[in-house]
Amino acid sequence: MSTLKIENLHVSVAGTLILKGVDLEINSGEIHALMGPNGSGKSTLAYALAGHPNYEVTEGSIELDGENVLEMEADERARHGLYLAFQYPVTIPGVKVADFLRHAVSNVRNPDRKEGTELISMREYRKELYEHLDALGVDRQFARRYLNEGFSGGEKKRMEIVQMAMLKPRFAILDETDSGLDTDAVNVVSEGVQRLSSANQMGVLIITHHERLLQYNIPSQTHVMLAGRIVETGDASLAHELHNLGYASVRERHPDAAAEEEARQKRETVASA
Amino acid sequence: MTLTATPLPVTFDEAAFEAFLATRDEPAWVTERRQQAFSTLQDKFEVELDPEEWRRVNLRLLRPQEFSIRSAAGDAAGFDTNLQHAAEFGGRVIHSDGRTQAADLADELRSSGVVFGELNELVKSHRELVERHLFSAVSPETDRFSAWHAAFWTGGTALFVPRGLKVEQPLHSLIGLASAGAADLSHTLIVLEDGASAALLEETASATDEAGFHLGAVELILGQGANLRYVQLQNWNDKTFHIAHQTGRVAADAHLQWTVGGLGAKLAHIHQDVILDGRSSTAEVNGVTFAVGRQQLSYYTQQNHNAPDTRSDLLYKTVLRDRANVVWRGMIRVEKEATRTDGYQRCDSLMLSDHARSDSIPGLEIETDDVRCTHGATTGRVDAEQIFYCRSRGLTEFEAMHMIVEGFFHQIYDRIPVQAVRDVLGAAVEKKLGIG
Ligand SMILES: Nc1ncnc2c1ncn2[C@@H]1O[C@H](COP(=O)(O)OP(=O)(O)OP(=O)(O)O)[C@@H](O)[C@H]1O
Ligand SMILES: [Mg+2]
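Protein chains in written order, with my numbering: chain W, 1 to 273; chain Y, 274 to 709.
Treat the hints as calculated values from the structure; they're not laboratory data. Not one of these hints is a red herring.
Lysine-lysine pairs mimicking DSS-like chemistry, simulated, CA-CA at most 25 Å apart:
(1) W:156 - W:96
(2) Y:512 - Y:704
(3) W:168 - W:96
(4) W:114 - Y:704
(5) W:96 - Y:704
(6) Y:512 - Y:705
(7) W:96 - Y:705
(8) W:168 - W:114
(9) W:114 - Y:705
Bound conformation, chain W alone (with noise of 0.2 Å):
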């Protein structure tokens, strides 16, 4: 069993701060959503969990079985079993998926691995990311082609899926990944998270604005973001909810916060004009 604890979280963004004080414990195959409106600060948080030096944590703690989080690079944070799939994923021409992820499996599974030495064994590895292809519907042709390049949208989000369950993390944070995707390559991912997550006690931070994925893989618990704070924890009820009633009451129920994120909104709109 595995605990992903994040206390009083505080994080800037180019001098801004963003995160205002977060908390949120997530145990080995949990399932958590995290809701809000846009701007609330969720891919902030997952930048934070995943190490972007941008993000910078001014106050509080992130600790993975009580090791702290904050002391490691990007990299050494996925070798002990971070994940996060981008709402964005990045497009990196000329390398291949396979080659890519051949690197990232050998260095996630082997954390002691030196730079320039030997890779996990090409026979086992292709196997292995071929089953995965297939299982989550890509066609095995996508590990010859140039990461993301030309990627549609969907197919982006798929292969974030693929890299996870290659790379078998003990904390997934998955950042949208159904937006973008048609109904039955959610229904295909949401699976495939489930199994995943079932299968090797994955614990999950689902990011999201739909539900489909949360009928799939049902939270424990279900927290509302609302400028920079978690402001409400729930049980799926509260996502099936939001889902269908939108974020009034909940700025409502927490007039402080809805101000805070109505006058950062002014400052935005009058800063870009």
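Here the structure of chain W is known, so what remains is to put chain Y with the ligands in place on it, guided by the hints.
Here is chain Y with the ligands on its own, set in the frame of chain W:
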């Protein structure tokens, strides 16, 4: 030394030339040609270099009086050579400090009529072959450097493949510099008769970290329907100077594939001409350069279309880091008679730091209609988001950088059919990045 008129450097002046000739045991025709070239050299030092070609080359860094031709070779054992063991070669020639160290050729190639070896020997043993072709592609008259080379050339690698013969195994040539202040003026001469084919992989390497000076020339002469793959991988240490005139002449229906790798040198300037003389001749030119520190690499490339239905395709890929500077000035020239020419040139640069500088200047000069010529140049930088994405998958920063740089070169690697060259370039890139 500047673009403008200067006196001859003391190590290459008249007295030095006489002394040099005295050490050479050469046929009279060779000596006469040298003397002619030396007089051209004296004239050329009186005139300015073509600013179009040389303006962006910081020649002030080069002090030729600090370099001289050696009468004995430095130790060739220590060369940091990569190609040598990367493939099964049909023959090899190794030079150190302008002196031959080894020359050999597989018996079956020798008996089928291939001539491969050291130019100093071949001017004596194969006069009829050498006299006709030597300096037929690179003219000593071009500028002071071509004249300088033609007066003082120290030796070199020569390959002749007779009509219709296809040499399957690649050949290897190593140009090395081993002692401080040594000058190498080696000459590479490749002649393929009609219908012949061959591959020569040539590399330059330093045995020490002492400064050296290479003033070279490369002549690639392809008969009708011939097919040549020529690679020159410049991998000197970062104190060495490299200046060279390199020309490929391609007859009808022949195909030249020419790859230059620019990894080493403090200052390098290569004048690379492809001349498509015959109808339906084609050339593919690939450039891979990776400059770091304060390296300055410069390429002046010309694709000359002199006949109808010719095709040339040039792709350079340049990676720069630190304060490095890479210049590429390209020109496609299409003569009046060269209708239905298809010319392409492109240079892409990838910057790994803010202080590096890349100048890419394509150009077209077209004297006829009915041609298709396109050119392009791009400059991009490694994106922090790409690095982060890689790292979030468990790659270290170096591995991420490596992936991205390899990805950038991939398009070129895909064009090079020789696995050994890809491997060696890949390994050299890793080394430059500080891994492996
Ligand atoms: N790199 C950045 N530079 C400047 N501002 C940023 C940066 N990243 C995030 N922000 C700001 O931080 C706030 C939170 O953004 P974030 O992307 O975390 O929102 P989100 O909850 O993921 O929204 P969405 O639902 O639209 O994905 C926004 O106001 C955004 O503009
Ligand atoms: Mg987001």
